[in-house]
Every structure is written in structure tokens, then in C-alpha cells.
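Undergrad: The residues making up each chain are set out below.
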Amino acid sequence: SETKEAGTDNRNIVDDGKSQKLTHDDIKALKDKGIKGQEIVQQLIENSTTFRDKTEFAQDKYIKKKKKKYEAVITIVKPSTRILSTMYYAREPGKINHLRYDTLAQMLTLGNIHAGTKMIVMETCAGLVLGAVMERMGGYGSIIQMYPGGGPVRAATSCFGFPKPFFDNLHEFPLSKVQSLLCGTFSAETLPAEPEESAVLEEESNGLAEERQLSLQETEEEPAPEAPMETCASQGQGTMDTHAEDGELKENKEKENKENVREKQMKQWERRKKLKAAAALLGERNADGLIVASKFHPTPLLLSLLEFVAPSRPFVVYCQYKEPLLECYTKLRERGGVINLKLSETWLRNYQVLPDRSHPKLTMSGGGGYLLSGITVVLERGTADCRSSEALKVEEPSSKRCKLQDPLC
Amino acid sequence: MSFVEYGDMIKDGDTAIVFLGHESMFPVKVQHGTVTQTKYGVIRHSTDLIGKKYGSKVTCSKGGWVFILHPTPELWTMNLPHRTQILYSTDISIITMMLELKPGSIVCESGTGSGSLSHALIRTVAPSGHLYTVEFHQQRAEKAREEFREHGVEHLVTVTNQDVCKNGFGVSNVADAVFLDIPSPWEAIGHAKSALKAEGGRICSFSPCIEQVQRTCLAMEEYGFTEINTLEILLRVYNVRTISLQIPDLGKAAEDNSSTGFDSSNPSHQGSPCANLQQGTVQFKSGVPLREVVGHTGYLTFATKS
Numbered sequence: 001s002e003t004k005e006a007g008t009d010n011r012n013i014v015d016d017g018k019s020q021k022l023t024h025d026d027i028k029a030l031k032d033k034g035i036k037g038q039e040i041v042q043q044l045i046e047n048s049t050t051f052r053d054k055t056e057f058a059q060d061k062y063i064k065k066k067k068k069k070y071e072a073v074i075t076i077v078k079p080s081t082r083i084l085s086t087m088y089y090a091r092e093p094g095k096i097n098h099l100r101y102d103t104l105a106q107m108l109t110l111g112n113i114h115a116g117t118k119m120i121v122m123e124t125c126a127g128l129v130l131g132a133v134m135e136r137m138g139g140y141g142s143i144i145q146m147y148p149g150g151g152p153v154r155a156a157t158s159c160f161g162f163p164k165p166f167f168d169n170l171h172e173f174p175l176s177k178v179q180s181l182l183c184g185t186f187s188a189e190t191l192p193a194e195p196e197e198s199a200v201l202e203e204e205s206n207g208l209a210e211e212r213q214l215s216l217q218e219t220e221e222e223p224a225p226e227a228p229m230e231t232c233a234s235q236g237q238g239t240m241d242t243h244a245e246d247g248e249l250k251e252n253k254e255k256e257n258k259e260n261v262r263e264k265q266m267k268q269w270e271r272r273k274k275l276k277a278a279a280a281l282l283g284e285r286n287a288d289g290l291i292v293a294s295k296f297h298p299t300p301l302l303l304s305l306l307e308f309v310a311p312s313r314p315f316v317v318y319c320q321y322k323e324p325l326l327e328c329y330t331k332l333r334e335r336g337g338v339i340n341l342k343l344s345e346t347w348l349r350n351y352q353v354l355p356d357r358s359h360p361k362l363t364m365s366g367g368g369g370y371l372l373s374g375i376t377v378v379l380e381r382g383t384a385d386c387r388s389s390e391a392l393k394v395e396e397p398s399s400k401r402c403k404l405q406d407p408l409c
Numbered sequence: 001m002s003f004v005e006y007g008d009m010i011k012d013g014d015t016a017i018v019f020l021g022h023e024s025m026f027p028v029k030v031q032h033g034t035v036t037q038t039k040y041g042v043i044r045h046s047t048d049l050i051g052k053k054y055g056s057k058v059t060c061s062k063g064g065w066v067f068i069l070h071p072t073p074e075l076w077t078m079n080l081p082h083r084t085q086i087l088y089s090t091d092i093s094i095i096t097m098m099l100e101l102k103p104g105s106i107v108c109e110s111g112t113g114s115g116s117l118s119h120a121l122i123r124t125v126a127p128s129g130h131l132y133t134v135e136f137h138q139q140r141a142e143k144a145r146e147e148f149r150e151h152g153v154e155h156l157v158t159v160t161n162q163d164v165c166k167n168g169f170g171v172s173n174v175a176d177a178v179f180l181d182i183p184s185p186w187e188a189i190g191h192a193k194s195a196l197k198a199e200g201g202r203i204c205s206f207s208p209c210i211e212q213v214q215r216t217c218l219a220m221e222e223y224g225f226t227e228i229n230t231l232e233i234l235l236r237v238y239n240v241r242t243i244s245l246q247i248p249d250l251g252k253a254a255e256d257n258s259s260t261g262f263d264s265s266n267p268s269h270q271g272s273p274c275a276n277l278q279q280g281t282v283q284f285k286s287g288v289p290l291r292e293v294v295g296h297t298g299y300l301t302f303a304t305k306s
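These protein sequence lines map, in sequence, to chains A and B.
So the first sequence is numbered by the UniProt record's numbering: it starts at 1 and just counts up by one.
So the second sequence is numbered by the UniProt record's numbering: it starts at 1 and just counts up by one.
Rather than coming from a laboratory, the hints here were simulated on the basis of the structure.
Wrong hints could be hidden among the right ones.
Said to hold, decoys possible - Here are the simulated DSSO-like cross-link-like pairs (lysine-lysine), alpha carbons at most 27 Å apart as the crow flies:
| id | chain 1 | residue 1 | chain 2 | residue 2 |
| --- | --- | --- | --- | --- |
| 1 | A | Lys331 | B | Lys193 |
| 2 | B | Lys57 | B | Lys11 |
| 3 | A | Lys78 | A | Lys4 |
| 4 | B | Lys57 | A | Lys342 |
| 5 | B | Lys166 | A | Lys164 |
| 6 | A | Lys28 | A | Lys65 |
| 7 | B | Lys285 | A | Lys322 |
| 8 | B | Lys11 | A | Lys331 |
| 9 | A | Lys78 | A | Lys31 |
| 10 | A | Lys64 | A | Lys36 |
| 11 | B | Lys53 | B | Lys39 |
| 12 | A | Lys342 | B | Lys39 |
| 13 | A | Lys276 | A | Lys255 |
| 14 | A | Lys342 | B | Lys53 |
| 15 | A | Lys36 | A | Lys68 |
| 16 | B | Lys166 | A | Lys78 |
| 17 | A | Lys295 | B | Lys143 |
| 18 | A | Lys253 | A | Lys274 |
| 19 | A | Lys331 | B | Lys197 |
| 20 | A | Lys78 | B | Lys193 |
| 21 | A | Lys342 | B | Lys285 |
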């Protein structure tokens, strides 16, 4: 390569916006001629009056910047928790309660998520957390996803590209039936209200129908504008198809009515069967762990869902804010049956590593959310495990006159 | 029991964790006829442990009690005997995710060290994956093999006693991921590349010093790795405390000697901050940071083989 002509510093470089001799039109003309990005960057360098005065580092930076703009390189990658969680955090943090990817990473490890377990997952993160758990379980074991409202949102889950067998042991159970299940009054007769049902949707295979239904529900629930992110689950078609179907029905009324009623009954029967199966799994009260990451206050979720978890198993709760976890911690201490409670957050920093130019890139402290984790133990009703450390710990002595005991237990 | 499969009952030969209280726990090898001493008294394995459910409360001879927990790689990391400095769960978590590890993954690791990361990797790749771990210290390699056996995971791991910088990992073109925690990782990048599968494999190097990181990044670039990215992760733990803050005495608006139902002659009511404990303080819950926290473990550099 030619000897690089470069300056030593920028004392004489004036930023007047006039150093690039090529105009917008000139560049457009080059693009129209079909000139490759590499060549355009070369042209920009040659037509810059200040380029050779820049330091070598500044030249590198300049070239990198132009390459990024003009040499569009697309890499096709296989989806994974790493890719999807960083994408969602960067593009749609609101959809995942601002769960930063390193926090998600902690949850998967703290929860000892691995193949062959029975996990309970409660999340309102578009199905990203569910997908991450499914990836770490590799299709082995089973998951019961708890959901609010009419059905679970799994828009992000479908982006992972899991093979169909992964979904065989994925169950769902409505939060609205948790109380009855805990009290022994559970009944599968009343099903939670479903989003708009259509016979046309049912005909479609590959679970696409389910995805449409679910993305419909998501649009209803979240007022956030639709992002390119959601295109992995198609949207909006359901409503239009229903109207077309209504038109058809009017033509072949009686016969189709009877068929539809039968289909609907079949569907209801299926749903009831699945609901009973999920209830049975939960009712064994021997789940191997609990993962919670939702927009709801964590305390009522923890207090109820922990009842389904076996002793000596980990649980992890994510909350965007710290304060609800303080309350959750206190209530868990009162309840007993948990040890090793830990409230934490992680601090993540990226670095630029280049010869003579290494330094931190951007700080992401704050904004990643908080975790409360612990381990279940055999719960003795009526007594809290007061001896667990936290209860006995006294605050740092401040003034001798006003010493107060920690009233946590 | 095994580190990759939960069991319900404590059995002879299990490794269990005895939990005494806040961050006070230790591992124990369950054995018929053995006793374990704790500050709360003696635990007799045959009567107190074997046949009991994991998560049970066990009363010791002096009357105090402990909880017996099922082992997990995370609990093991907090309690294992250190032969070297180890990686803790915070770093292990991000490594696992960024290397895209899951059941069935083939991973290569060097050095094995005390086996902290090794146990976590084995747990993640089970039941269909495998860990090839290389350790140049003969006794450490042997101790690791022994522990994997005791923990019921020996079928998922191969320990090789050699120098990874000279002789590599012992496998070629099969690994989904490679992890390096050695003094001179740049000397092993070439071997890492040949151990990795043809395309899409991930690599991670952990180094405490930035100079090591710089050399490693250069080597990665030279060997054609892409998406080179360096980061560090730190854990911040909060203690949940109820805090009471005094309300300062700012005096009265006017100097009024006539009584307003307030006995000014009583010395305990005059300007003493502690006098009205209920009215004079405000209570709230707080997540208080620890006094001393870990400020640095090491830099993590990730890259992709393309």
C-alpha cells in the first residue's frame, strides 16, 4: 500500500463544511452509474481537502464512518437469545419492560434453567423471556406459561425458530384461575374470554393462525406503535378475514352454521382439555423453578405462584423498578419458605479496543432493571423462618440514643 | 441427585449444600454413618439426611437448625474449594448467553481451574452436548475429573491435561463455542479456531488486564474472527432494610411560655430529638448498597468465526 500521508494533530483543520468537494448530486451520480460502495468511499477520500491533514487515527475513523454509510453489508444470522434480546432492548425496550439482555442472562442462570425441568414462566415481555427459557431447555422438560387476560403473547417466541416438538410440552394457564386452583375450587367449565375467533383462521396450519390471533391481542393490549420487529408474526389479517367469512356464511347458512357450532364445540373441548392438563401439572406443586418478568406488581404473583414450586428450587423475579421488589422481599420474609433472598442489578459496560485507542464505549448503568432471587425450602405453615440472617441483622449503629431493631421478621 | 438433574430425596453419595443462614453454607458429601459438625451441633447423615426431602429443615444436636439444599452450579460456585481464582455467576451468565450455549452444544474451555465455569457449562449443554476442558496443571486436572464423577456428570465432560497454547483442545471443527481464561489467550486463538465448527462458532476470552485484551483482539482479527466485542459486567447487590430517619428539631415558630397542653417544665420534652420516638422519626424501606463491592473481575471479549 502507498505510504500514508497524515498529520499530527487538528490544530489547523477548520471544520467549515467545505472540505468535501463532491456534492450530493455528484455522489448520487456515482451511485446511479452503479459504482460500488468501495469506490465511492475512495472517491470521497480523494475529494476531501482535509483528509491528508488528519491524524492516522482520524483517517481510520473517517474511513470506517464512510464505509458504514456506503458499503452496506448484510449478514444473515441465526436467531438466538443473544441476538433477539439485544435487538429488543435496542429497538423495542417498552415491549419487554426495559429488561436489558444482561439482566435476562442473569435470570437464566440464577433460575438454573436447563433441560429436563418443569418450569413456571410468567412474563409480559412479548414472549422473549419464554423463548429464552425454551432455548435453554432445548425441548426437554415442560413449561407452564401463566398469562393475564385471554391468552399468552408469543410474538417474540416465534422469532426463535424453534422446531415444532419444542411446543409439545409448552402449556399455558390463566392467572385468573390461580386463586381457584390454590383454594381447590378450580373448574375448567368457564374459559377465559378469547380474542376474536374466526373459522377461517382455524383452517390454517403451521401455527400461523395462532400467531395472528396472538399478535391481534398484542395490538389490542399495547398502544405502542407497531415496529418492524413484529413482522415475524403476521398481523392485522384476522379482522378482514372474519368479515369475508361473514359474507360467505350468509349464503350457505344452515349447513355451515351446524358445522361451525360443532367446530366451536370441538375447540372449546380442546381448550378445556388443555386447561385441565395444565391445572394438573401445576396442582402437583412440584415445579422446578419460577421465572417472573412482567409489568404487574411482583408481590401477588410471587406469593401465589411459589405455592406451585417444590422445595429447594430457585426462583427469579424481574422488575423494572426497585421499590416493588423491596416490598416483595418483605412479604416473602413474612411468608417464610424462602432463603438466600438477593436483590440485585447488573452494570454493563462495552469497550472499544484498538491499539493505543482503548477505552470504554458507552455506559449502560441504570435502566437494566432489578432482580430478586431466592431458593424455596419446605414451608412450615404458621411460622416464618425468622432465623434466616436478614431478620436478625441490625442496621448499622448510627446514634447510640436512637438504635432501632430491624422489624422485618 | 446430579448437577444436571434434580432429585427429590437425599441419597447416600449425594453432594448436598448445608445452609445455615445468610451467605453461610457449605457442601457436604452424604455418607451412611458419617457425621458433620456445624455451629448448631451435629448432623448425622444416616438419620438426619438420607431419605429426607431436599429443602427440609434439619435440627442439629444443639437445637439449632439448618436447611439441606439440592446442589446447583450456582451454589457450587459459591461453595467450592478454590484451587485457583474462579469465575462467579455474574460473568458466567453473560458468557453463557453470548456464546449461545444450550442443550446439545459442544464447548471447549481452558483452563479448567477450580471447575466453577465448567459445572455451569455442563449443566447448560446437558443432556446431549459435551464439554472439552483443558488444564495444564496435572493435580487440578485430576481433581476436576474426580469432582465431575462425584457430581454425576462425567459422561458430559472430557478433561485433558495439556497446554492449550501448544496442543489445542484435542478436537477439530466440532465446537459451537470456545472459552479461554488463560494468561496468554492470544497464543491459543489459532487452536481455538481449529476446534470451532466451520462457520458461526463463538469464542470468548476472559482477561483481567487491558493489555491482554488488546493482544487478544489483534489476534482474533488476524485469524479472521468477526463481530469482536469487549465488555465487562458487574453485580450490584442491595440489602433490604427498614430505615428510620430523625426529624430535626427546628424549634418553635414563637417563644411561647404559656402551656398549650405541652409540659415545658419537663426536661425530657425540651428539644430532645429522641423524646417523641414515634412522631420524631420517619420510616421507609430501602435497598441499601453493600459497603464493599467487587469493582472488577475481568474483561470479556467475544467474537464469531465466519
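Undergrad: Look at each hint and say if it fits the structure.
TA: Hint by hint, here is what the structure shows:
{"no.": "1", "hint": "Lys331(A) / Lys193(B)", "verdict": "51 Å, violated"}
{"no.": "2", "hint": "Lys57(B) / Lys11(B)", "verdict": "16 Å, holds"}
{"no.": "3", "hint": "Lys78(A) / Lys4(A)", "verdict": "39 Å, violated"}
{"no.": "4", "hint": "Lys57(B) / Lys342(A)", "verdict": "20 Å, holds"}
{"no.": "5", "hint": "Lys166(B) / Lys164(A)", "verdict": "44 Å, violated"}
{"no.": "6", "hint": "Lys28(A) / Lys65(A)", "verdict": "18 Å, holds"}
{"no.": "7", "hint": "Lys285(B) / Lys322(A)", "verdict": "11 Å, holds"}
{"no.": "8", "hint": "Lys11(B) / Lys331(A)", "verdict": "33 Å, violated"}
{"no.": "9", "hint": "Lys78(A) / Lys31(A)", "verdict": "31 Å, violated"}
{"no.": "10", "hint": "Lys64(A) / Lys36(A)", "verdict": "16 Å, holds"}
{"no.": "11", "hint": "Lys53(B) / Lys39(B)", "verdict": "22 Å, holds"}
{"no.": "12", "hint": "Lys342(A) / Lys39(B)", "verdict": "24 Å, holds"}
{"no.": "13", "hint": "Lys276(A) / Lys255(A)", "verdict": "32 Å, violated"}
{"no.": "14", "hint": "Lys342(A) / Lys53(B)", "verdict": "24 Å, holds"}
{"no.": "15", "hint": "Lys36(A) / Lys68(A)", "verdict": "13 Å, holds"}
{"no.": "16", "hint": "Lys166(B) / Lys78(A)", "verdict": "33 Å, violated"}
{"no.": "17", "hint": "Lys295(A) / Lys143(B)", "verdict": "46 Å, violated"}
{"no.": "18", "hint": "Lys253(A) / Lys274(A)", "verdict": "31 Å, violated"}
{"no.": "19", "hint": "Lys331(A) / Lys197(B)", "verdict": "49 Å, violated"}
{"no.": "20", "hint": "Lys78(A) / Lys193(B)", "verdict": "20 Å, holds"}
{"no.": "21", "hint": "Lys342(A) / Lys285(B)", "verdict": "15 Å, holds"}
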